[in-house]
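Asks: Please put together the full structure from these sequences, using the hints given.
Chains as they are written, first to last, in this note's numbering: chain F, 1 to 98; chain R, 1 to 98.
Hints are supplied without guarantee of correctness; some may be wrong.
Copies of one chain are not kept apart here, so a pair can be met inside one copy or by any two copies together.
[What the hints assert, rightly or not] Straight-line Cα separation of at most 25 Å, DMTMM-like style, residue types lysine to aspartate or glutamate; simulated pairs:
| no. | residue 1 | residue 2 |
| --- | --- | --- |
| 1 | LYS79 | GLU65 |
| 2 | LYS7 | ASP53 |
| 3 | LYS35 | GLU57 |
| 4 | LYS35 | GLU65 |
| 5 | LYS35 | ASP23 |
| 6 | LYS46 | GLU65 |
| 7 | LYS7 | GLU57 |
| 8 | LYS79 | ASP23 |
| 9 | LYS79 | ASP3 |
| 10 | LYS46 | GLU32 |
| 11 | LYS46 | ASP6 |
| 12 | LYS7 | GLU39 |
| 13 | LYS7 | GLU65 |
| 14 | LYS62 | ASP3 |
| 15 | LYS80 | ASP6 |
| 16 | LYS80 | ASP3 |
| 17 | LYS42 | ASP3 |
| 18 | LYS62 | GLU88 |
| 19 | LYS69 | GLU39 |
Everything labelled a hint here was simulated from the structure, so no lab data went into it.
Number of protein chains: 2
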Amino acid sequence: MNDLVDKSNVILQSHRKSIDRLDAILVYTLAERFKYTQEVGKLKAKNNLEPSDPARELKQIKRLERLSKDAGLDQAFAKKFLNFIISEVIRHHQSLQQ
Amino acid sequence: MNDLVDKSNVILQSHRKSIDRLDAILVYTLAERFKYTQEVGKLKAKNNLEPSDPARELKQIKRLERLSKDAGLDQAFAKKFLNFIISEVIRHHQSLQQ
Numbered sequence: 001m002n003d004l005v006d007k008s009n010v011i012l013q014s015h016r017k018s019i020d021r022l023d024a025i026l027v028y029t030l031a032e033r034f035k036y037t038q039e040v041g042k043l044k045a046k047n048n049l050e051p052s053d054p055a056r057e058l059k060q061i062k063r064l065e066r067l068s069k070d071a072g073l074d075q076a077f078a079k080k081f082l083n084f085i086i087s088e089v090i091r092h093h094q095s096l097q098q
Numbered sequence: 001m002n003d004l005v006d007k008s009n010v011i012l013q014s015h016r017k018s019i020d021r022l023d024a025i026l027v028y029t030l031a032e033r034f035k036y037t038q039e040v041g042k043l044k045a046k047n048n049l050e051p052s053d054p055a056r057e058l059k060q061i062k063r064l065e066r067l068s069k070d071a072g073l074d075q076a077f078a079k080k081f082l083n084f085i086i087s088e089v090i091r092h093h094q095s096l097q098q
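Replies: In structure tokens, the structure reads:
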């Protein structure tokens with residue numbers, strides 16, 4: 001029984017290391033994404049374009065939904081992620097309008 | 001002036017393609033992360049371990065804060081991401097306890 005617990009503990013530590021590595025990917029990818037959304041904001045401001053683009057946003061949402069499904073992402077989790085990205089888009093637009 | 005708008009439009013489309021690619025990385029990385037958190041949950045249930053591990057969670061939060069800083073992530077955005085991950089951890093624990 002102790003052997004089984006030890007073995008499970010090794011697997012647990014291994015899984016946690018994978019989660020930590022994936023979190024690093026997520027944080028750095030978000031930073032890269034953020035760089036582009038900032039550039040888009042500046043570009044729109046420079047060319048007097050509307051900060052919000054509902055057609056583009058709808059396309060993004062549909063695409064994220066499709067990607068989440070293809071990736072086999074848990075649906076409740078996918079919905080949370082979509083809300084997170086969407087709220088970020090809105091926050092970004094608001095900061096540009098100020 | 002039209003040349004400038006055309007050029008800006010080319011850059012805008014290029015940035016949007018980058019954002020779309022980064023979103024695909026995010027979705028697939030989240031799906032991979034989710035696989036591991038599910039495995040951890042099953043492992044804990046099998047070994048009658050507590051689903052929640054406050055020491056590990058605190059360590060994760062501190063690490064994410066450090067990573068966000070290192071990656072140059074906007075602080076308001078980093079905070080939103082942390083809340084998103086933390087709320088997911090809580091949701092995951094709750095579903096395991098049911």
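Asks: Hints first: check each against the structure and report whether it holds.
Replies: Each hint, compared with the structure:
| no. | hint | in the structure |
| --- | --- | --- |
| 1 | LYS79 - GLU65 | both (8 Å within a copy, 24 Å between copies) |
| 2 | LYS7 - ASP53 | between (52 Å within a copy, 19 Å between copies) |
| 3 | LYS35 - GLU57 | within (18 Å within a copy, 28 Å between copies) |
| 4 | LYS35 - GLU65 | both (23 Å within a copy, 18 Å between copies) |
| 5 | LYS35 - ASP23 | both (18 Å within a copy, 13 Å between copies) |
| 6 | LYS46 - GLU65 | neither (32 Å within a copy, 33 Å between copies) |
| 7 | LYS7 - GLU57 | between (47 Å within a copy, 22 Å between copies) |
| 8 | LYS79 - ASP23 | both (19 Å within a copy, 14 Å between copies) |
| 9 | LYS79 - ASP3 | neither (40 Å within a copy, 40 Å between copies) |
| 10 | LYS46 - GLU32 | within (21 Å within a copy, 39 Å between copies) |
| 11 | LYS46 - ASP6 | between (60 Å within a copy, 13 Å between copies) |
| 12 | LYS7 - GLU39 | between (49 Å within a copy, 14 Å between copies) |
| 13 | LYS7 - GLU65 | neither (38 Å within a copy, 31 Å between copies) |
| 14 | LYS62 - ASP3 | neither (48 Å within a copy, 32 Å between copies) |
| 15 | LYS80 - ASP6 | neither (35 Å within a copy, 36 Å between copies) |
| 16 | LYS80 - ASP3 | neither (39 Å within a copy, 41 Å between copies) |
| 17 | LYS42 - ASP3 | between (59 Å within a copy, 18 Å between copies) |
| 18 | LYS62 - GLU88 | both (16 Å within a copy, 22 Å between copies) |
| 19 | LYS69 - GLU39 | between (29 Å within a copy, 20 Å between copies) |
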